[in-house]
Amino acid sequence: MIDFTFTEEQEMFRKAAREFAETMVASKVPEMEETGKFSDDLVKALGEAEMMALTVPEEYGGLDLGYTVRMIAIEEISKVSVAVGMMLQVCALGIEPILKFGTEEQKKRYLPAMAKGERIGTTAVTEATGGSDPTGIRTSYKKEGSDYILNGRKCFITNSHIGDTITILAKDSENPKAFSTFIMEKGMEGFKATREEHKVGMRGCNTGELALENCRVPAENLIGDEGKGMRVALAAIGDVGRGGMVGCALGLQAACLEASIKFANERILYGKPISYLQTIQNKLADMKIDLEAGQLLGYRATSMQDKGMRSSNEFAVAKYFTTEAAQRAAKMAVDIHGGYGCMEEYAVSRYLRDSFVLGPSAGTSDIMKVIIGRWALS
Amino acid sequence: MLKIIVCVKAVPDPKEAHKIKIDPATKTLTRADVPLVLNLLDKNAMELALLLKEQLDAHITVLSMGPPVAGNIVKECLALGANQGFLLSDRAFGGADAYATAYTLAKGIEKIGEFDLIICGMASSDGSTEWVGPEMAAFLKVPVVTRVNEIVEFGGEWWKVKASLENGYRLMQVKLPAVFTVSRELNTPRTLSFSGIIKARKKEITLWDLNELGVLEETVGQKGSPTIVSSLATVNSKRIAEIISGTREDKVEQLVQKLADAAVI
Amino acid sequence: MNKQCGSVWVVAEQIDCRILPVSLQLIGQARKLAKELNTSVETVILGDQMDKRVQEFFAAGADRIYLGNAPELAIYQPEMYTEMIVKLAKEHQPEIMLIGSTSMGTELAPLVAARLGTGLTAHCIDLIIDDNKILEQRIPAYGGLISIICPEKRPQMATIASGVFPHPELDESRTGEIIHLEIPNEISPRVQTLEIVREEPEGIPLESAPIVVAGGAGAGDIEGWRIIAGLSEILNAALGSTRPAVDEGWTELETMIGQSGKMVSPELYIGVGLSGELQHMVGIVGAKVMVAINNDANAPVFEQVDYGIVDDCREFVPMLIEKIKEYQERKITC
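Chains as they are written, first to last, in the working numbering: chain P, 150 to 527; chain F, 310 to 574; chain Z, -1 to 332.
Fair warning: there could be bad hints in the mix.
[To be verified] Computed list of lysine-lysine pairs in DSBU-like fashion (alpha-carbon distance at most 30 angstroms, straight line):
#, chain 1, residue 1, chain 2, residue 2
1, P, Lys164, F, Lys330
2, P, Lys326, P, Lys291
3, F, Lys336, Z, Lys88
4, Z, Lys131, F, Lys532
5, P, Lys480, F, Lys324
Because the hints were derived from the structure by calculation, they are not lab data.
Note that the structure is predicted; figures quoted are calculated from it, not measured.
With these hints in hand, go ahead and build the complete structure from the sequences.
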């Protein structure tokens, strides 16, 4: 028999994440919605709560708790704020390439500060040409002595402006089939964050462009072997990125359901709460089914990942299902709220906006279907 | 070293506790699947212990009595920073009133050994009696201060604390070892941390049943309780509301009119 | 024939030599219980210069008073008070012992009960003698009432909040016996009350307010709570609360109405965003008109009030405030 239950300890981690979300995150949401900026206090609080340390091994100052606990944490935080869940999930994308492919020296140099949240991580693959086919990128590197000179432009990068340690994918200017991944640090000459985006949802979660202009990067910042950087970058956006998005989506699904239940029990129509109406119950049931199914898919994938199994296809399925389900849930939640759902005072209007940002992040639903289709045919 | 014992209780989650009701037909309690959580005020008790541990050389023991599942809340306290945990669990302990609960906990404390300070929340959300702390103090023959809301002087043999009082406070001087029951105003409890949960892996919870505790069956649980519940009853109200309906404007208008007619505003 | 039944005791409380109303209320109830048990009512009072005050106890219905009168008893001292009451109870074997649910009573009662090896029931809302001559102690719980008895151990002990029982009619012609208690020799105390500081309560006291507005969890957040407070302000009412509202931190414990809080008996009670749990509702005694505003049409509160409004209190109350303002202005100009 397969055990579908969380351990007592995992339940306690969930409780810890929930308490953090309720006490530290909830109060910051209005400010982030209004300013569109990530709260500095919250960066500090996330670090102090060891939220960035979950997947980092103990020897590098982490907690070594694995990907299931990471998904639990992102899910709980996203119940309160998907923007914060997204910011947190992307921190791990900066960590993962160094963790999996970095030298011992690189790990010692970067991971402890990243685990503490003193240095915010992110990864930059996507360009104006898109992110799903990274071979099409134009950012290039050229060897000069023992250094590399990088030129190019990255876009739609989460944590672009607040990020300190950024792993970046570039193409060999002389060999279009060779890619390398570099660790960039905020403040390097010729490297800067430029345009800041204004997204329809996940306001406060920082997204923007990075520009590299004759940026000189020492060889010690190269991750893995030169020319073999594609798999390094994909290690970040693949399983870990999709797993993070599943956490965000599950949190949003749960938030939509919870808000809908509360409203349906309180809103009186024909002298009774609208939760007595079958049409409303039908919507709640749909949301519940999606949430249950999404959790099974998501945590199946992370439990495989924690066992060291290949889980990319499973993550693709979970990512597709949960982000689509989150959009359905947000729409139903707004529908249940009627006119109130259109008012910004009600969180469901935010959920609807946020739900649309879940889709494209870490691969659109269509791209997920390409992967899943390939899996089916293989 | 200051030896602190924090007594905690697993209570039905207050957010869902209303689901437990008296069945009007059978006059028994309806079974509802309400999860057990750490009593809210016991978090304030834990917080005081942790603050003291941060400032003094202190060792924190957590003690609870309850079903085996109450081990979870002891574990939670270990994750918050307590050093060791004890759970008194036996079918024979079931159905205890405040007196038998205090007696059993006091026996547990005697078996744990020496202590300087016992801290508990002033009441539990399910019992709301405030009896267990002072009764435990009486069994252990140590002084107690209830409803502590501020620690004024600490560290020595004599401590000074404030305890809340109707429209004011009393300033108490108390010699350790002693029992404090604490109020919500005392502090803001910290939240669980991930590394705290990891550290709790290595901390032990000792389970004691009736035999290990070395008490007689007739002194604990329902048998050791001087009080019993003799009956449950539902209440028939003397009033039934006239529901004022209409648009919001209508409802406001009607209500104010009715209150004016009754000459109460 | 049964052996002679012990007396019904009330452990009274004083502040600055003034006897607390709850102590007299309990004597009134003790009188009724004693009548059914065919026994007497006795009061214990510890304080300083209380000899001038004891007549009040007789007038309220006490037959005998145990009086501890000494400067060191002027304010509540846990150990001395406990010692004296325990010793006295062991000597005289009362059948019943009642204590007010004050801060003092709530600490003293369990200390005494544990030392006497007997049961104690908290915050009772009714006390009756059953067919077996046993004290049935009623408390609200689980949406109904539960009766607790202490079948074997004596005394049967209970704490009761002020206002649960009415003030007795005072009969100034009544007298009784005064037993002066020996003050124990210097026991070296391990806990001492150094000082009692009382502040004047802000606003209108709940217990005597003609209008009470009470708010509950339905306020939603502190903003919602302020809306409810606004209603109480415009009505010049006292603002009460339920336990969930206190737990949320919107208001102080002193404002809690009900079994373990205050008892109120206003002309008008308006319950806003509260479900009508019995623990709260038992605190409203003999209100003339009761109103509830709650968005759950099935909330039990609608079975316990005269007028019900099914609506979101955060939307409804601001409009109600405006309408009341209009009414008040009209009333002045008329």
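Structure-based check of all given hints:
With a C-alpha separation of about 27 angstroms, the suggested pair Lys164 of chain P and Lys330 of chain F falls inside the 30 angstroms cut-off, and the hint holds. Pair hint Lys326 of chain P plus Lys291 of chain P holds up; C-alpha atoms about 14 angstroms apart against a cutoff of 30 angstroms. The suggested pairing of Lys336 of chain F with Lys88 of chain Z is violated, with an alpha-carbon distance near 38 angstroms, which exceeds 30 angstroms. Using a Cα cut-off of 30 angstroms, the hinted pair Lys131 of chain Z and Lys532 of chain F holds, with the two alpha carbons roughly 22 angstroms apart.
With a CA separation close to 28 angstroms, the supplied pair Lys480 of chain P and Lys324 of chain F stays within the 30 angstroms bound.
The structure shown violates just one earlier hint, number 3.
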